[in-house]
Amino acid sequence: MVVTVGWYVALSVALFTVGALGVLLRRNALIIFMSIELMLNSANLLLVAFAREYGDLNGQILVFFVLTVAAAEVAVGLALVVVIFRRRKSINIDDMRLMKG
Amino acid sequence: MFAAPTLNLWVITPLIILTVWAIILMFIDLFIPAGKKQWTGWLTLVGLIPALALTLMQWGQTGGAFIAEGGQPMVVVDNFATFLNTLYLLTGILAVFISVSYIRDAGLERGEYYFLMLFSIVGMMLMGMANDLILIFLALELLSIPLYILSGFDTGSDTSEESALKYFLLGAFSSAFFLFGIALTYGATGTTSLPVILDTISLDDPLALAALGMLLVGFAFKVGAVPFHMWTPDVYEGAPTSVVAFMSIGAKVAGFAALMRVLGQGFPMWGELWQPAIVVISALTMIVGNFAAVRQQNIKRMLAYSGIANAGYILIGVAASATDPEAISASLYYMLAYLFTNIGAFAVVIAVEKLDGQKGLLVEDYKGLAKRHLLLSLALAYFMFSLVGIPLTGGFTAKFYVFGAGVTAGLYWLVVIGAITSVVSAFYYLRPVLYAFMYEGPAVARVSRGLMFVLVVAVFATLVFGIFPGPWYELASQATFGNVATFVAGG
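Residue numbers (my numbering), protein chains in the order written: chain A, 1 to 101; chain B, 1001 to 1491.
Each hint should be verified, as a subset may be incorrect.
With a straight-line cut-off of 25 Å between C-alpha atoms, the simulated SDA-like cross-links for lysine to any residue are [claimed, not checked]: (1) B:K1367 to B:L1355; (2) B:K1037 to A:V76; (3) B:K1359 to B:S1448; (4) A:K89 to B:L1170; (5) B:K1359 to B:L1430; (6) B:K1359 to A:R88; (7) B:K1036 to B:M1452; (8) B:K1037 to A:A79; (9) B:K1354 to B:T1155; (10) B:K1367 to B:V1456; (11) B:K1359 to A:V76; (12) B:K1371 to B:S1477; (13) B:K1367 to B:P1471; (14) A:K89 to B:D1158; (15) B:K1354 to B:A1445; (16) A:K89 to B:S1157; (17) B:K1371 to B:M1438; (18) B:K1036 to B:E1112; (19) B:K1359 to B:V1447; (20) B:K1359 to A:R87; (21) B:K1359 to B:E1440; (22) A:K89 to B:W1231; (23) B:K1367 to B:G1441; (24) B:K1037 to A:V83; (25) B:K1371 to B:L1434; (26) B:K1359 to B:F1119; (27) A:K89 to A:L78; (28) A:K89 to B:D1324; (29) A:K89 to B:T1155; (30) B:K1359 to A:L78; (31) A:K89 to B:G1156.
Partner residues aside, some chain A positions facing chain B, computed with beta carbon under 7 Å [claimed, not checked]: (32) L15; (33) V18; (34) V23; (35) L30; (36) I36; (37) M39; (38) L40; (39) Y54; (40) F64.
Worth flagging that the hints you see were computed from the coordinates, not collected in a lab. We put the beta carbon where it would ideally sit given N, CA and C, even for glycine.
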């Protein structure tokens, strides 16, 4: 069986959906964050698959940029999670309701 | 193997100045003792003002930087980008004047504040100048990540931390949608360069359709349009007020800048396809934003919903641009007028805010303000009139042009919704004014010299836009996209 680019598209759409559902359904800030990473990586998979399909390097280079940006986001996001956990002993986003209206 | 790309660094000189100065400032900040950090703030202007001067000199010029052999540039400068860059730099300069006394009085005085702001401005400028989806993604992150940190800058406050985490999670979530949209666009066309997308995309490709949808979701999050606006009120309420004043303009305008360029230069021939989507988002945004603002007690939350509603008005111009590309200028003029009105309104909020424990942020806290601070109350009234859209204010002329663009494009019912929701908005905008003038109360305010400067500039600008809108609208109508051929050739 030849694995065509369609399979990669299907896989990355599935991963993206899992990630998006994780963001919407889970309540732990860390798990939500991991789900977002899953979404970013599903896009990376799609980029690499298409870059191979087209024989074009741009898609693969974009993946490197995305990885770098994701690392920067991790640095900021984990710092925020740690600060909040220290004070509240919880990172459940349902507990974060100081503000409403 | 590869030919060296043409650099054309003059295109990005303002960005180079800001980035280099932000890095130098990090080192200078090490030698500025705690308690004197206002110097870092004032030194920020050393980068911002030359960048503004260079940006103004770029008016009328068109060119592209980083052009691969036979390819399209990554970064372009045209009047559209120059116009928006001027807006970000003005916002940045005014935000420095607002911030210096605010963060000192709030006990947040740390130098990081200022160079994070500089980096964020670089990201905003790149949003409007990017000619390639890769660069739009990077610009989006460069503008957002410093703002996540700035929202949580008040590390002693639960609400500030909470707002930063919410902003971060939803911002990253929307970036993921945007990136997936980029990946699908790449799949449909084999390129990420906007002009090449225009040439290669085919109308009946389901991948391309999904890509456009994903990109729209990402942008709608960034500009705070309904149904992707949920983060805005919480972030605005919790984040330090000076940060909110900065990002409520900068981040929103940057989101619109990239949205306009992607729709206008990447997908213009799909106008009849994306116009209905933008029309629906615009209508929902105006309705939800204005009606939700009515029941807000906290003035920062109220201004957050007001910002959502204003995104709806700006979107009228974007929707109209599907059939009439000139309509973009109405939206650009709207953002120019909104900048000064909004930063003025936030300056009043900062003056009234008491920094011990988030007091003075309720609408009721404005009771009796006019007794002790007549001029400040008059300024508040003027900004609120401008936000409602009462004649002789910048807000009125802005709405006038946007509604005019909507009518020209035949979007009658959208303009009707805009007019009706503007009437509704008078309810909540005029409440603090009413409290300030008609009620007795203990409201006090402190107006530092920086705030005074911002208030005077904002009142003056709003007045000028209200009385002589012509020349400024003329400028906005010259702020068009550059011709793709001139990006490569220069001109």
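Do the hints match the structure? See the list:
A hinted pair counts as satisfied when its Cα atoms are at most 25 Å apart, and B:K1367 with B:L1355 qualifies at roughly 18 Å. Taken as a hint, the B:K1037 and A:V76 pair is honoured in the structure, with Cα atoms around 23 Å apart against an allowance of 25 Å. Only pairs whose Cα atoms come within 25 Å are accepted, and B:K1359 paired with B:S1448 is accepted, the gap being roughly 18 Å. Among the hinted pairs, A:K89 with B:L1170 is consistent with the structure: their alpha-carbon atoms are about 22 Å apart, no more than 25 Å.
A threshold of 25 Å between alpha carbons decides the hint, and for B:K1359 with B:L1430 the separation of about 21 Å falls inside it, so the pair holds. With a C-alpha separation of about 23 Å, the suggested pairing of B:K1359 with A:R88 holds against the 25 Å cut-off. The suggested pairing of B:K1036 with B:M1452 holds, with an alpha-carbon distance near 21 Å, which does not exceed 25 Å. At roughly 24 Å between alpha-carbon atoms, B:K1037 and A:A79 fall within 25 Å of each other, so this suggested pair holds.
At most 25 Å may separate the alpha-carbon atoms for a hinted pair to count; B:K1354 and B:T1155 meet this at roughly 18 Å. A hinted pair counts as satisfied when its Cα atoms are at most 25 Å apart, and B:K1367 with B:V1456 qualifies at roughly 23 Å. Straight-line distance between C-alpha atoms of B:K1359 and A:V76 comes to about 29 Å, which puts the hinted pair past the 25 Å bound. In summary, the hint linking B:K1371 to B:S1477 is not supported, as the alpha carbons are separated by about 43 Å, beyond the 25 Å threshold.
About 39 Å separates the Cα atoms of B:K1367 and B:P1471, which puts this hinted pair outside 25 Å; it is violated. Under the criterion of a C-alpha separation no larger than 25 Å, the hint pairing A:K89 with B:D1158 is consistent with the structure, at around 13 Å. A C-alpha spacing of about 8 Å is found between B:K1354 and B:A1445, which places the hinted pair at or below 25 Å, so the restraint holds. Between A:K89 and B:S1157, the direct Cα distance comes to roughly 15 Å. Compliance with the 25 Å bound is thereby established for this hinted pair.
With a C-alpha separation of about 10 Å, the suggested pairing of B:K1371 with B:M1438 holds against the 25 Å cut-off. Using a Cα cut-off of 25 Å, the hinted pair B:K1036 and B:E1112 holds, with the two alpha carbons roughly 13 Å apart. For a cut-off of 25 Å, the pair hint linking B:K1359 to B:V1447 stands: about 16 Å separates their Cα positions. Restraint check for B:K1359 and A:R87: the C-alpha separation of about 22 Å stays at or below 25 Å, so the hint holds.
Between B:K1359 and B:E1440 the alpha-carbon distance is near 18 Å, which keeps this suggested pair within the 25 Å criterion. Of the pairs offered as hints, the one joining A:K89 and B:W1231 holds, with about 23 Å between alpha carbons and a cut-off of 25 Å not exceeded. This hinted pair checks out: B:K1367 and B:G1441 have alpha carbons roughly 5 Å apart, not beyond 25 Å. For the suggested pair B:K1037 and A:V83, the alpha carbons sit about 24 Å apart, so the restraint of at most 25 Å is met.
Of the pairs offered as hints, the one joining B:K1371 and B:L1434 holds, with about 13 Å between alpha carbons and a cut-off of 25 Å not exceeded. Between B:K1359 and B:F1119, the direct Cα distance comes to roughly 31 Å. Violation of the 25 Å bound is thereby established for this hinted pair. A distance of roughly 15 Å separates the Cα atoms of A:K89 and A:L78; the hinted pair therefore holds under the 25 Å criterion. Restraint check for A:K89 and B:D1324: the C-alpha separation of about 55 Å exceeds 25 Å, so the hint is violated.
About 16 Å separates the Cα atoms of A:K89 and B:T1155, which keeps this hinted pair within 25 Å; it holds. A hinted pair counts as satisfied when its Cα atoms are at most 25 Å apart, and B:K1359 with A:L78 does not qualify at roughly 30 Å. Between A:K89 and B:G1156 the CA atoms are separated by roughly 15 Å; this keeps the pair inside 25 Å, and the hint holds. At about 10 Å, the closest approach between the beta carbon of A:L15 and any beta carbon in chain B exceeds 7 Å, and the interface hint on this residue is violated.
Annotation: A:V18 was flagged as interfacial toward chain B, and the flag is violated, the nearest CB pair being 12 Å apart, outside 7 Å. The closest approach between the C-beta of A:V23 and any C-beta of chain B is roughly 5 Å, which is under the 7 Å cut-off, so the hint is satisfied. For A:L30, the suggested interface contact is broken, since its CB lies about 10 Å from the closest CB of chain B, more than 7 Å. The closest approach between the C-beta of A:I36 and any C-beta of chain B is roughly 5 Å, which is under the 7 Å cut-off, so the hint is satisfied.
Among the interface hints, the one on A:M39 holds; its C-beta lies about 4 Å from the nearest C-beta in chain B, closer than the 7 Å criterion. At its closest, the beta carbon of A:L40 sits 5 Å from a beta carbon of chain B; the interface hint therefore holds under the 7 Å criterion. Checking A:Y54 against chain B by beta carbon gives a least distance of about 4 Å; that is within 7 Å, so the hint holds. Because the beta carbon of A:F64 sits about 10 Å from the nearest beta carbon in chain B, more than 7 Å, this interface hint is broken.
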